[in-house]
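The residues making up each chain are set out below.
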Amino acid sequence: MATLGDLERAVMDVLWSQNAADSEETGLTANELRDLLAQTTADGADGKELAVTTVLTVLSRLEKKGLVQRGRDIRPHRYRAVTSREEHTVELMHEVLGSAPDREAVLARFIGTVSEQEAEALRKILSSS
Amino acid sequence: MFLASYLLAALAVILAWPAPIMLSRARWTARSPETALVLWQAIALAGGLSMIGAMLTWGLEPLGENLLQGLRGLTGLLLDDSPAAGLDLIHVFALSAALLLTVHLVFTLLLTYYKIRKQRGRHRDLLNLLSSPSADSPRTLVINHPAPVAYCLPGGGGSVTVLSNGLLELLSPEELQAVMTHEKAHLDQRHDLLLWAFAAWRSALPWLPTSKLARTAVNELTEMLADDHALKTSDRETLVRAIAVVAAGERPQPGAGAVATGVGDPAKALLGAAETETFVTAHRLRRLLSPVPGLGRPAQSAVLLGSALLLAVPTVLLVAPGLAS
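Chains U and Z are the protein sequences, given in the same order.
Per the UniProt record's numbering, the first sequence runs over residues 1 to 129.
Per the UniProt record's numbering, the second sequence runs over residues 1 to 325.
Honestly, the hints are just simulated from the structure, not real lab data.
Errors might be hidden in some of the hints.
Claimed, not checked - Computed list of lysine-lysine pairs in BS3-like fashion (alpha-carbon distance at most 27 Å, straight line): (1) Z:232 - U:65; (2) U:64 - Z:184; (3) U:64 - Z:115; (4) Z:232 - Z:184.
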């Protein structure tokens, strides 16, 4: 439990697995989340208890980033992941593989989008030599 | 000043149209990507300067003999309501156009920067959740995806190289090393700044041939630079194989040997395709498969001198009439 980044990952992992298991999609309270986190990190190095306030800080950061939804109609508030891990992976890879016009400026790929003609010629080079 | 404004306009037209078309077709650029990049930057800067300068000097013509007098006249006009001697509608129009273009270029540059930063930030947030740090190399993240991809995400101090599982399975350790060195070169040489500037240039003036050609060329030249950097530590064959394997998305059948350098009909087919289209990957492979010696020192110096002249000419045209008088 070193950095906020690690905590964010841990929280999202719990929420994602909860999303998959929970068909009603009611989400978790910060307290429940803390308990689940304590279970998954029980064999951690320091074994220190995580404060609920820390969990809430992480949750509000994740909410700002648009990754977590907060149900405000009942108290305590219940949190759930906006979409599944898989869908986020799709979003990420779409940015990498897609042909968005500004993509080259955002990230530089080792091999850009290759046309079918180009790929075919490359395969022939690889197999013939 | 009339003469200066017409000369600036002529220069602006040349830099917006024939010059970039010629440069994008030139073959020598692949032999010296660094100098070609300098020349592209000079063309863009001098082009913008002469476009704005032409309208500015033309619009200020009634107000003074040279740029300085004209500007002084204009400030007097705006601040003290001194009589608008000879400044009719068409000159006001030219001045407004110069001002608008300047604001437009600066604003687009900033807007593009903001957009890129935002997209990178979002990408980084997702990466932090979905990837894991590589066990072998620092500043490297591994993302669990079957497609073989490698890319770098610049971000000042926090820049990272990202590899996919698919890529790690596909490439040998030597090939992977070549890919990593290639990506590291992008980050170390801050190619993102160049790509940012030319992406902004493109979205500011999308109807100009120069902005589109420049962007494609700059993108390709930075890839070539990174390839050259990778060649310092990896041999040519390894890099070629890495590019071909990643681009094709598969390894050659077992039993097939290494990629021979510059032989075979498919190689010709590929090079043929490279003639007609702007295939970055094909261009990169062509220059790796049939290496041509780099541009000689005299030629490189000539290109650099030409770039300096390109910047000097519009500057002199703007300032010189004031110095002479």
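* Asked: Between residue 232 (chain Z) and residue 184 (chain Z), is the straight-line Cα distance small enough, at 27 Å or below?
  -> With Cα atoms ~13 Å apart, residue 232 (chain Z) and residue 184 (chain Z) stay inside 27 Å; holds.
* Asked: Regarding the pair residue 232 (chain Z) and residue 65 (chain U), is the alpha-carbon distance no greater than 27 Å?
  -> Violated, at roughly 41 Å.
* **Proposed proximity, residue 184 (chain Z) with residue 64 (chain U) (alpha carbon, max 27 Å)** => Cα-Cα ~31 Å, so violated.
* To do: Would you mind confirming whether the straight-line C-alpha gap from residue 64 (chain U) to residue 115 (chain Z) stays at or under 27 Å?
  => Given pair residue 64 (chain U), residue 115 (chain Z) holds - Cα atoms ~18 Å apart, limit 27 Å.
In terms of the numbered hints stated before, the structure departs from hints 1, 2, listed from lowest to highest.
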